[in-house]
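Novice: Sequence:
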Amino acid sequence: MSAHREALARTVRVAARALGRHGLVHAYGHCSARIDAVSFLVAPSRPLGLVAPGQPCTVVPLDGPLPDGVLPEVRIHREIYRRRPDVGGVARVQPPKTMSLSVLGLTPVARHGLGSYFHPQPPLRDDPMLLRSDEQAAHLAAQLDSARAIVMRGNGAVTVGESLQEAVVLAWYLEDAARVELDCLSTRIEPTRYTDAQSDARATWNGRLLDRMWDYLTAGDAELKG
Numbered sequence: 001m002s003a004h005r006e007a008l009a010r011t012v013r014v015a016a017r018a019l020g021r022h023g024l025v026h027a028y029g030h031c032s033a034r035i036d037a038v039s040f041l042v043a044p045s046r047p048l049g050l051v052a053p054g055q056p057c058t059v060v061p062l063d064g065p066l067p068d069g070v071l072p073e074v075r076i077h078r079e080i081y082r083r084r085p086d087v088g089g090v091a092r093v094q095p096p097k098t099m100s101l102s103v104l105g106l107t108p109v110a111r112h113g114l115g116s117y118f119h120p121q122p123p124l125r126d127d128p129m130l131l132r133s134d135e136q137a138a139h140l141a142a143q144l145d146s147a148r149a150i151v152m153r154g155n156g157a158v159t160v161g162e163s164l165q166e167a168v169v170l171a172w173y174l175e176d177a178a179r180v181e182l183d184c185l186s187t188r189i190e191p192t193r194y195t196d197a198q199s200d201a202r203a204t205w206n207g208r209l210l211d212r213m214w215d216y217l218t219a220g221d222a223e224l225k226g
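For the sequence shown, full-length UniProt numbering begins at 1 and goes up steadily by one.
Hints listed in this document are in silico derivations from the structure and should not be mistaken for laboratory results.
Keep in mind that a hint or two might mislead.
[Claimed, not checked] Lysine to any residue pairs mimicking SDA-like chemistry, simulated, CA-CA at most 25 Å apart:
1. Lys97 / His22
2. Lys97 / Ile189
3. Lys97 / Gly49
4. Lys97 / Ala203
5. Lys97 / Pro120
6. Lys225 / Gly113
7. Lys225 / Asp183
8. Lys225 / Ala37
9. Lys97 / Ser199
10. Lys225 / Pro56
11. Lys225 / Gly49
12. Lys97 / Arg83
13. Lys97 / Pro56
14. Lys97 / Val109
15. Lys225 / Arg84
16. Lys97 / Asp183
17. Lys97 / Arg21
18. Lys225 / Gly54
19. Lys225 / Asp211
20. Lys97 / Leu130
21. Lys97 / Leu185
22. Lys97 / Pro53
23. Lys97 / Arg193
24. Lys97 / Gly54
25. Lys97 / Lys225
26. Lys97 / Asp145
27. Lys97 / Ala219
28. Lys97 / His4
29. Lys97 / Gly113
[Unchecked claim] Beta-carbon label-pair distances, calculated as ranges:
30. Lys225 / Thr187: 22 to 32 Å
31. Tyr28 / Asp200: 13 to 23 Å
32. Ser100 / Asp145: 17 to 27 Å
33. Gly64 / Pro85: 13 to 23 Å
34. Leu50 / Pro120: 34 to 44 Å
35. Asp183 / Asp68: 36 to 46 Å
36. Thr187 / Gly207: 28 to 38 Å
37. Leu185 / Gly220: 33 to 43 Å
38. Arg188 / Gly64: 50 to 60 Å
39. Asp211 / Pro191: 42 to 52 Å
40. His139 / Glu190: 43 to 53 Å
Beta carbons are placed, not taken as given, at the ideal position from N, Cα and C, and that holds for glycine.
All chains should be built: construct the whole structure from the sequences, respecting the hints.
Specialist: Set out below in structure tokens:
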């Protein structure tokens with residue numbers, strides 16, 4: 001394996017454990033990073049928090065069938081990479097507050113800084129069934145369109161970024177936005193929301209915002225020590 005491929009695999013494993021450590025996945029969930037224009041690298045097919053240091057990841061081609069042993073929903077990643085050349089990482093997550101909000105038929109509105117990254121709000125896939133076909137995956141990717149996340153009613157969410165690091169950070173942001181939305185709903189007071197201009201200005205990575213959150217989410221990981 002090339003040095004680049006091994007570095008990417010390490011990032012996938014670190015990301016997997018970060019998602020598990022912070023409660024953004026449980027037994028279910030997966031993450032991946034684009035290798036190039038024709039393939040991506042997906043985490044091992046096991047609970048992400050249990051991915052071991054050095055455990056092999058799997059190369060998945062953008063064309064052709066999923067490799068043996070790869071989870072059926074990884075076709076979601078494949079369809080997003082096909083449609084979005086700007087995407088370098090995908091996280092399929094099960095964040096609990098986002099899940100609760102979704103069964104109300106809602107996704108978080110941009111009401112605070114971290115929510116502004118999804119302005120005006122993530123689309124909702126209003127279908128609670130497991131996603132196991134190429135047709136379903138293509139439909140989800142089309143509904144995602146240019147957004148940074150899509151919420152699946154009663155079935156978690158998918159976040160995307162220019163890198164896997166960004167996709168993981170956005171998964172944490174999405175859950176925090178859902179927390180704020182649920183808190184606002186409990187007051188029965190009409191909450192404020194970010195305007196287009198405010199979201200454009202606030203949803204920035206300047207000031208090492210991405211790097212600092214990635215450092216927080218991955219602190220103490222076995223493959224980053226030393």
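Novice: All the hints need checking, so say for each whether the structure fits it.
Specialist: Each hint tested on the structure:
no., hint, verdict
1, Lys97 / His22, "holds (13 Å)"
2, Lys97 / Ile189, "holds (20 Å)"
3, Lys97 / Gly49, "holds (19 Å)"
4, Lys97 / Ala203, "holds (21 Å)"
5, Lys97 / Pro120, "holds (18 Å)"
6, Lys225 / Gly113, "violated (31 Å)"
7, Lys225 / Asp183, "violated (37 Å)"
8, Lys225 / Ala37, "violated (31 Å)"
9, Lys97 / Ser199, "holds (22 Å)"
10, Lys225 / Pro56, "holds (19 Å)"
11, Lys225 / Gly49, "holds (17 Å)"
12, Lys97 / Arg83, "violated (28 Å)"
13, Lys97 / Pro56, "violated (31 Å)"
14, Lys97 / Val109, "holds (14 Å)"
15, Lys225 / Arg84, "violated (33 Å)"
16, Lys97 / Asp183, "holds (10 Å)"
17, Lys97 / Arg21, "holds (16 Å)"
18, Lys225 / Gly54, "holds (14 Å)"
19, Lys225 / Asp211, "holds (17 Å)"
20, Lys97 / Leu130, "holds (19 Å)"
21, Lys97 / Leu185, "holds (13 Å)"
22, Lys97 / Pro53, "violated (29 Å)"
23, Lys97 / Arg193, "holds (19 Å)"
24, Lys97 / Gly54, "violated (32 Å)"
25, Lys97 / Lys225, "violated (31 Å)"
26, Lys97 / Asp145, "holds (23 Å)"
27, Lys97 / Ala219, "holds (23 Å)"
28, Lys97 / His4, "violated (36 Å)"
29, Lys97 / Gly113, "holds (17 Å)"
30, Lys225 / Thr187: 22 to 32 Å, "violated (43 Å)"
31, Tyr28 / Asp200: 13 to 23 Å, "violated (34 Å)"
32, Ser100 / Asp145: 17 to 27 Å, "holds (25 Å)"
33, Gly64 / Pro85: 13 to 23 Å, "holds (19 Å)"
34, Leu50 / Pro120: 34 to 44 Å, "holds (37 Å)"
35, Asp183 / Asp68: 36 to 46 Å, "holds (45 Å)"
36, Thr187 / Gly207: 28 to 38 Å, "holds (31 Å)"
37, Leu185 / Gly220: 33 to 43 Å, "holds (34 Å)"
38, Arg188 / Gly64: 50 to 60 Å, "holds (52 Å)"
39, Asp211 / Pro191: 42 to 52 Å, "violated (30 Å)"
40, His139 / Glu190: 43 to 53 Å, "violated (33 Å)"
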